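**Student:** Here the protein sequences line up with chains A and B, keeping their order. With the numbering used here applied, the first sequence corresponds to residues 1 to 158, in that order. With the numbering used here applied, the second sequence corresponds to residues 1 to 393, in that order.
No lab work stands behind these hints: they were computed from the structure. As the structure is a computational prediction, the values presented were derived from the model and not from experiment. Certain hints may be false.
Unchecked claim - Among chain A residues calculated to face chain B with C-beta under 8 angstroms, some are:
id: 1; residue: Asn-11
id: 2; residue: Ala-12
id: 3; residue: Arg-13
id: 4; residue: Glu-21
id: 5; residue: Asp-153
Just so it is clear, CB atoms sit at the ideal spot from N, CA and C, and this is done for glycine as well.
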Amino acid sequence: MNDIIKILQQNARISNTALGEMLGISAEEAAAQIDQLEKSGVIKGYSVIVDDDLYDKSTVYATIELKVTPQRDCGFDDIAKTIMMYDEVESVSLMSSGAYDLAVEVKGNNLKDVAFFVSERLATIDGILSTSTHFILKKYKEKGIFIDDEEPDERGLG
Amino acid sequence: MIDYDKVLSDKIKSIKPSGIRKFFDIAGTMEDVISLGVGEPDFNTPWAIRKSAIQVLERKHIIYGPNKGIAPLRNTISVHIEKKHGVKYDPDKEVIVTVGGSEAIDLTVRGLLDPGDEVLVVEPCFVCYAPLVELAGGVPVSVPTRIENNFKLTLEDFKDKITDRTKLLILPFPNNPTGAVMTREDLEPIADFLRDTDIMVLTDEIYSELTYGRKHFSIIELEGMRERTIYVNGFSKAYAMTGWRLGYVTAPEPIITQISKIHQYGIMCSPFISQNAAVEALTACDAEVAKMVDEYNTRRRYLVGEFNRLGLTCFNPEGAFYVFPCIKSTGLTSEEFCERLLFEERVAAVPGSAFGDSGEGYMRISYAYSLKHLMEAIRRIEKFLKKLENEKK
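Work out the full structure: start from the sequences and follow the hints.
**Tutor:** Quick look at the structure:
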């Protein structure tokens with residue numbers, strides 16, 4: 001994997017100087033490489049990973065499995081694009097599972113919000129055959145970052 | 001009441017406890033301390049090795065095993081060294097599997113020294129050599145290396161310290177704490193000189209897999225050096241196996257025959273489960289080691305860059321997992337610097353002076369920590385340096 005991406009995935013707010021040091025290149029060169037990765041579309045954006053227990057306890061996440069009838073000419077794309085336009089939707093993925101076709105991650109302010117979104121917005125879209133909703137109880141790790149505190153370092157001093 | 005002072009030997013009472021410990025005992029009682037002190041990997045032992053140990057527990061009878069170590073491991077060690085250095089050791093007569101590299105060092109000095117024999121200890125270095133030499137009745141003679149030579153050992157550094165009692169030269173490269181390495185070109189003049197003497201070499205190559213940019217070169221590869229060298233290595237650092245307690249020593253047969261008696265009576269044999277699992281380390285874990293080395297290298301470059309940016313001159317270490325920045329510009333001794341850094345900014349580092357007088361003016365920073373951890377440490381050190389700067393005005 002590209003080393004810049006590897007480091008940015010751990011910390012996207014790192015300075016160009018530090019990034020350059022880690023890679024053994026100048027800060028300017030690091031900036032130029034990021035610029036290139038952004039322009040070519042490899043880097044789509046930068047986000048923040050939040051511990052909702054500390055930030056907003058009431059936030060609810062759910063994964064919804066959708067069975068979908070593929071459309072003529074565009075397969076699943078059309079329905080996926082319709083779904084992803086909703087603000088509540090965090091991610092949409094096409095799955096290889098035989099049991100369902102699209103996996104949709106939804107974020108809501110509370111349980112009712114999510115339930116309403118599934119029954120009124122998703123289930124009513126043409127071509128969606130069934131929905132199966134799984135509420136997330138606890139996130140331990142997200143995008144490679146530990147949400148809970150890391151375990152204490154018990155190493156010695158050899 | 002027993003007067004324990006009278007019961008205990010004068011020799012053991014005269015040995016100082018490890019200087020690395022001091023700060024960490026204090027740091028252990030404080031909250032929110034960022035430590036840069038450890039000398040062991042932050043990675044876990046590769047899964048293949050752990051799995052192999054689990055299988056041993058499930059399927060085998062956990063026995064003592066042969067004194068010198070189980071045959072498959074001795075064979076693998078022999079093949080491994082030959083592949084790396086082109087030097088062959090007889091797995092039956094020239095290899096002992098030890099309880100970590102430390103036991104290997106202890107066996108060597110106890111096997112070689114008579115009372116009053118002198119040992120050249122290249123400094124700065126890991127804290128165990130001089131005390132073990134003293135316990136074996138020998139006299140450690142410190143040989144400081146210098147920053148001008150990137151902390152490499154030169155012939156001039158030790159030539160004048162040789163007497164008719166000099167028996168052994170301890171060569172600890174890649175070096176803890178400096179990260180210095182010795183190349184073929186650096187070792188040749190030393191070997192040229194030693195070939196005309198009866199001085200033996202103990203080469204401690206525990207960090208040999210952790211080098212950056214160039215492959216490690218061992219003194220045993222040079223002509224005439226295998227016969228006058230005791231080669232020590234282990235699994236702790238390269239394979240992240242510190243808790244498995246496994247190292248090894250290879251040397252010419254007459255030496256192994258004698259020192260294996262110390263191992264036989266004092267230790268009996270190294271841990272059986274660890275030995276079985278270690279075969280897997282040497283045969284199937286090159287990719288895991290390469291991945292760890294890659295990650296260490298990123299951290300190393302980052303720290304060298306940052307310390308130089310902060311004005312704590314840091315030479316470019318090519319091995320181990322330590323950087324050794326110079327703190328002389330602050331006007332503090334390394335003890336004072338590290339103590340204030342700990343109490344004022346809650347960063348724990350080891351003062352260079354813990355590794356010998358020639359380490360004074362430096363501190364040892366371990367990068368066996370995540371980049372996130374290291375970046376927070378640098379932020380605190382930068383704050384501390386600004387504070388020192390303001391005090392001067």
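**Student:** Hint by hint, say whether it matches the structure.
**Tutor:** These are the hints, each one checked on the structure:
At about 7 angstroms, the closest approach between the beta carbon of Asn-11 (chain A) and any beta carbon in chain B falls short of 8 angstroms, and the interface hint on this residue holds. Because the closest C-beta pair between Ala-12 (chain A) and chain B is about 12 angstroms apart, greater than 8 angstroms, the hint is violated. For Arg-13 (chain A), the suggested interface contact is broken, since its CB lies about 10 angstroms from the closest CB of chain B, more than 8 angstroms. Hint status for Glu-21 (chain A) relative to chain B: holds, with the closest Cβ pair at about 3 angstroms, below 8 angstroms.
For the restraint placing Asp-153 (chain A) at the interface with chain B, the shortest Cβ-Cβ distance is roughly 7 angstroms, inside the 8 angstroms limit, so the hint holds.
In this structure, the hints that do not hold are numbers 2 and 3, in rising order.
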